[in-house]
Amino acid sequence: MHIPDAFIPIWQGAIYWLLALVFVALALRWARNEMNEEKLPLVAVLAAGIFALQSFNLPVSMGTSGHLVGGALAAIILGSPFAAIFILTMVLIVQGVLFGDGGITTMGANIINMGVIGGFVGFYSFKGILRMTKSMPVSAFVAAWLACLVPALAAAFEMFFAGTFPLVAGLITMGVYHAVIGILEGLVTIAAIYLITSVRPDLVETGAIRGKEVGP
Amino acid sequence: MKIDNRTFLAAGVIIALLIGVMAVFFASGDPDGLESTALVVQGEKTITGAAPEHAEIQKEIVGRFSYSAPMADYSFSETMGPLEGIIAIGLGTILAFLAVLGIIYAIKKVRPPLQNQ
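In order, the protein sequence lines correspond to chains A and B. Here the numbering used here is used: the first residue of the first sequence is 19, the next is one more, and so on. Here the numbering used here is used: the first residue of the second sequence is 118, the next is one more, and so on.
So that you can see chain A by itself, here it is in the shape it has in the complex (with noise of 0.2 Å):
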């Protein structure tokens, strides 16, 4: 769901833009307060993994491909929406100035969406289904589900606002495709969770392991 600049007016972009940079600037405090030796490379190597990740799309039928986004993964394991933006813009940022892979003046737009969106529905919707369901893989499924659907419900919006889609078309067209790609996001997210808390449950925030005594 990289919107490309030709998807946008420069002018709505720079309204995202500036709204995605208030969000960018949160992430930052996040990073600069909750980094440590021992985070610092559980963050970069998930930057490096959804980067890849990002690159790989698979087919979901329908004539369509789709990928991982990887703003409900970040948040989970680093415990917070802010990890999520951090990561994303900055996987944004190589995609979008090296690769063509999302515009320059959609950037914004692309960071509110997956990062800001994906991030704080990923990690909330998360927390609230562990604590009803009380298990990690379904609250990681769902919430990773959601975290790849409303972010493309919200580009649906910009679309419409942009005049490059038809509101209920897009929504309906947006909503299909993105349901089937959040399977997919679900799986891979839950699967990066084993793989991550397997060999470093101490690194890994919140509840996404359970019943596992966590420290020294």
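One thing to keep in mind: the hints can contain errors.
With a cut-off of at most 27 Å between alpha-carbon atoms, the simulated BS3-like pairs for lysine-lysine come out as follows [what the hints assert, rightly or not]:
1) A:145 <-> B:119
2) B:225 <-> A:57
3) A:57 <-> B:176
4) A:152 <-> B:119
5) B:119 <-> A:57
6) A:57 <-> A:145
7) A:152 <-> A:57
Derived Cβ-Cβ restraints for the label pairs, each shown as a range [to be verified]:
8) B:132 <-> A:187: 37 to 45 Å
9) B:127 <-> A:201: 30 to 38 Å
10) A:47 <-> B:131: 28 to 36 Å
11) A:219 <-> B:131: 49 to 57 Å
12) B:127 <-> A:186: 23 to 31 Å
13) B:179 <-> A:178: 31 to 39 Å
14) B:170 <-> A:190: 22 to 30 Å
15) A:186 <-> B:175: 45 to 53 Å
Below, a sample of chain B positions facing chain A; criterion: calculated Cβ distance under 10 Å [what the hints assert, rightly or not]:
16) 123
17) 136
18) 153
19) 198
If you're looking for bench data, these hints aren't it; they were derived computationally from the structure. In this text, a Cβ means the ideal position worked out from N, Cα and C, and glycines have one as well.
Got chain A; can you put chain B on it based on the hints?
Coordinates of chain B only, in the frame set by chain A:
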């Protein structure tokens, strides 16, 4: 199995690079969700139908910003086959990794956090 920081870093980067290599060979060439939606609203594709072979996404160029990325679409010379994609995605993976490390070192240097309470 528990591993230390250095092993975690190395293993993490290697796994990311392997995912990138697999992406070059196995990634779907179908348009992504946003592009597919663009084709649908243009009337070139149905929601559940296959992507048309030569469909072009109409892009409003007038009055829109345009930028030519040095390695657009993860290729740069189109003469090296799959190796080119591997180099591009590998480079991007390493850059994302280094960018995060660099930014964190930079902001930590500017204002170090209070340590040891």
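Verification of the supplied hints:
1. Using a Cα cut-off of 27 Å, the hinted pair residue 145 (chain A) and residue 119 (chain B) holds, with the two alpha carbons roughly 26 Å apart.
2. Under the criterion of a C-alpha separation no larger than 27 Å, the hint pairing residue 225 (chain B) with residue 57 (chain A) is consistent with the structure, at around 13 Å.
3. Restraint check for residue 57 (chain A) and residue 176 (chain B): the C-alpha separation of about 42 Å exceeds 27 Å, so the hint is violated.
4. Distance hint between residue 152 (chain A) and residue 119 (chain B) is fulfilled; the C-alpha atoms sit about 25 Å from each other, no more than 27 Å.
5. Between residue 119 (chain B) and residue 57 (chain A) the CA atoms are separated by roughly 15 Å; this keeps the pair inside 27 Å, and the hint holds.
6. Annotation: proposed proximity of residue 57 (chain A) to residue 145 (chain A) holds, straight-line Cα distance about 21 Å (limit 27 Å).
7. About 26 Å separates the Cα atoms of residue 152 (chain A) and residue 57 (chain A), which keeps this hinted pair within 27 Å; it holds.
8. One distance hint, 37 to 45 Å for the beta-carbon pair residue 132 (chain B) and residue 187 (chain A), holds here, with the actual separation near 39 Å.
9. A hinted range of 30 to 38 Å holds for the C-beta pair residue 127 (chain B) and residue 201 (chain A), which are about 31 Å apart.
10. At roughly 32 Å, the beta-carbon separation of residue 47 (chain A) and residue 131 (chain B) lies within the given 28 to 36 Å, and the hint holds.
11. Residue 219 (chain A) and residue 131 (chain B) have their C-beta atoms about 21 Å apart, which leaves the hinted 49 to 57 Å range violated.
12. For the pair residue 127 (chain B) and residue 186 (chain A), the supplied restraint of 23 to 31 Å is violated, since their beta-carbon distance comes to about 49 Å.
13. Under the hint 31 to 39 Å, the C-beta atoms of residue 179 (chain B) and residue 178 (chain A), about 20 Å apart, miss the expected range.
14. About 24 Å separates the C-beta atoms of residue 170 (chain B) and residue 190 (chain A), a value consistent with the hinted range of 22 to 30 Å.
15. Checked against the hint of 45 to 53 Å, the pair residue 186 (chain A) and residue 175 (chain B) fails, with Cβ atoms roughly 20 Å apart.
16. With a cut of 10 Å, the hint placing residue 123 (chain B) at the interface with chain A holds, because the nearest CB-to-CB distance is about 8 Å.
17. A cut of 10 Å between beta carbons decides the hint on residue 136 (chain B): the least distance to chain A is about 4 Å, and the hint holds.
18. Contact between residue 153 (chain B) and chain A, as hinted, is supported at the beta carbon level, the nearest pair being about 4 Å apart and thus within 10 Å.
19. Checking residue 198 (chain B) against chain A by beta carbon gives a least distance of about 17 Å; that is not within 10 Å, so the hint is violated.
Checked against the numbered hints above, the structure violates hints 3, 11, 12, 13, 15 and 19; every other hint is satisfied.
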